[in-house]
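There are 2 protein chains.
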Amino acid sequence: MQEKVKIAVDAMGGDNAPHEIIKGAVEAVKERKEIQVCLIGKRELITHELSQFSYPKDQIRIEHAQEAIETAEPPVLAIRKKKQSSIVIGMNMVKQKEMDAFISAGSSGAVLVGGQVIVGRIKGIERPPLAPLIPTEKGVSLLIDCGANVDARPSHLAQFARIGSIYMKYVVGVKNPKVAIVNIGAEEEKGNALVKETYPLLKECKDINFTGSIEAREIPHGEADVIVCEAFTGNVILKLYEGLSQTLLHVVKKGLLSTLRSKIGALLIKPALKETMKSFDASAYGGAPLLGLTGLVVKIHGSSKAAEVKNAIIQCVTFHEQEINEKIKNNIGNSDKGKE
Amino acid sequence: MQEKVKIAVDAMGGDNAPHEIIKGAVEAVKERKEIQVCLIGKRELITHELSQFSYPKDQIRIEHAQEAIETAEPPVLAIRKKKQSSIVIGMNMVKQKEMDAFISAGSSGAVLVGGQVIVGRIKGIERPPLAPLIPTEKGVSLLIDCGANVDARPSHLAQFARIGSIYMKYVVGVKNPKVAIVNIGAEEEKGNALVKETYPLLKECKDINFTGSIEAREIPHGEADVIVCEAFTGNVILKLYEGLSQTLLHVVKKGLLSTLRSKIGALLIKPALKETMKSFDASAYGGAPLLGLTGLVVKIHGSSKAAEVKNAIIQCVTFHEQEINEKIKNNIGNSDKGKE
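Protein chains in written order, with the numbering used here: chain A, 2 to 341; chain B, 2 to 341.
Because the hints were derived from the structure by calculation, they are not lab data. Keep in mind the model is a prediction, meaning the values are calculated, not measured. Everything hinted at is true.
Remember, identical chains collapse to one label, so a pair may be satisfied in a single copy or spanning two.
EDC-like mimics (lysine to aspartate or glutamate), calculated; alpha carbons at most 16 Å apart, straight line: (1) K197 <-> D152; (2) K58 <-> E32; (3) K170 <-> D208; (4) K254 <-> E138; (5) K170 <-> E324; (6) K191 <-> D152.
Produce the entire structure from the sequences given, and follow the hints as far as they go.
The structure is reproduced here in structure tokens:
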């Protein structure tokens, strides 16, 4: 019998909770027999939502949580005080190895703090980065860090590069992944103080394939597999990706409805266009794992709908099978132990 | 008779120099009678290029420059040593008020350094920012700073906000322009150290309409008229705008050619799509002025073609007529004199 992968899902987090979260969980277990989901949140609410779906009952269970952490709450305080919140309960289940992973669309701050404080870092990992895959012309690239550590130091970025390299190699299957640092010019002497200090550290890293600077213009072309940046820059890149894709599609659609001729054309191209755009939809690639923890924690977008929740749950099976955090621990944690 | 606007153009700078630069200058003078262009560069080369076009001879003259500054050269050294370069000559013409503006597609570093060292800052202006207009769903927004001052301080950003406000009011004609700071969350307590320190300064500014933080996702929707950020972030935004627009169009085009049905549709939508995309083409909005200098210096993209050169030249007429630097001087320079 195939090994079961146990995934705890925060049923209370995100703009579309609990309905879309629960729907996504149902879709995931229907698609993959080896997944067992534990929905964490108000039991009554979840039971009611679940009653609307048919699904294999042995694959979903509920863990009651009487509290929820709101997005606006200061994360450190919230994690400390709200012991009965879905996020704290989920993190504890991962820490206790009761669950293989925890997924939340809730407060980013609380997930980041909870991951570090409750689940805990791998020894030797300085700052666990948040690392989503983003679509490019050639496939996907890993954006690391996209929101966990603002005002990071050069040594953190160098570690992100190594963590990202391991991720792309084992989870995505890219041989000798190309690692580049986001910069405002291609030359080595360009950049801000952080990039200038990080650059030589990356050049020295023997276990990565460092290809130099990457300008933001080249990111969508897929010029690098691992895109290293500090969290502020990474967050700007991720969110501009989202916003600009939406806006351009909106502008294109408006253009298509401007003349009768183009309206007819629009009907003809609709199926092909839809298929193409799907490949460029960031949400199709699941959530962003908080890498370098002793357990698996995945943050998904606050606006996630069922499709994203389902993708993130299924992605956790790969993370679990590939033992991504184990590999980070073995490749980086140990070698950097002395630096802790 | 209408007043002439004298614009010096670096004929040697950029990937497509001198041909596209000269073509753009010819197109500009043919469109606007009040423009007089001075092309700076190797006289023989320019004369040869010009001989391919017909244009009103009295609107274009040549100023010989025997040197050119290359993109890879360290800018401070290049500006100091290459006195006979097109950039240094052009900057000096602006400084001497011989010309009303200088436009270059050459080395960004040299243009930024030359602007400050040769043309000079308005008294009271701490760091002249580079500020291009970017297209949005609602029109255009000003991105300030997009590349001049990496590792800027909070007081610099606060000044960018005020400079940008004046620009949008007088050059673009936006009443009470909305000013926002790029951040990784909407709440005031979010952000990196720079943003957290800048935020209260912006709230205190009485002469701007500060609306708070803007996430990168909202930028293409046109949620703010003036988008304040430090140069590294601004450069990432500007270049991702370019790269992502190109990539998405490329992906859409590929999708359209995937089936026979969509190929027919593509033919029908082509004219409407082209028209729409034109409104979202960053190059249509001319160059980025280096604001807060005692003269007008405009940087255009290294890959600029004739259309962009033409637009930038014509845009200089507006800058000149609106006396943008005069207004910055009167509104900010004087009030901040004591801080110099």
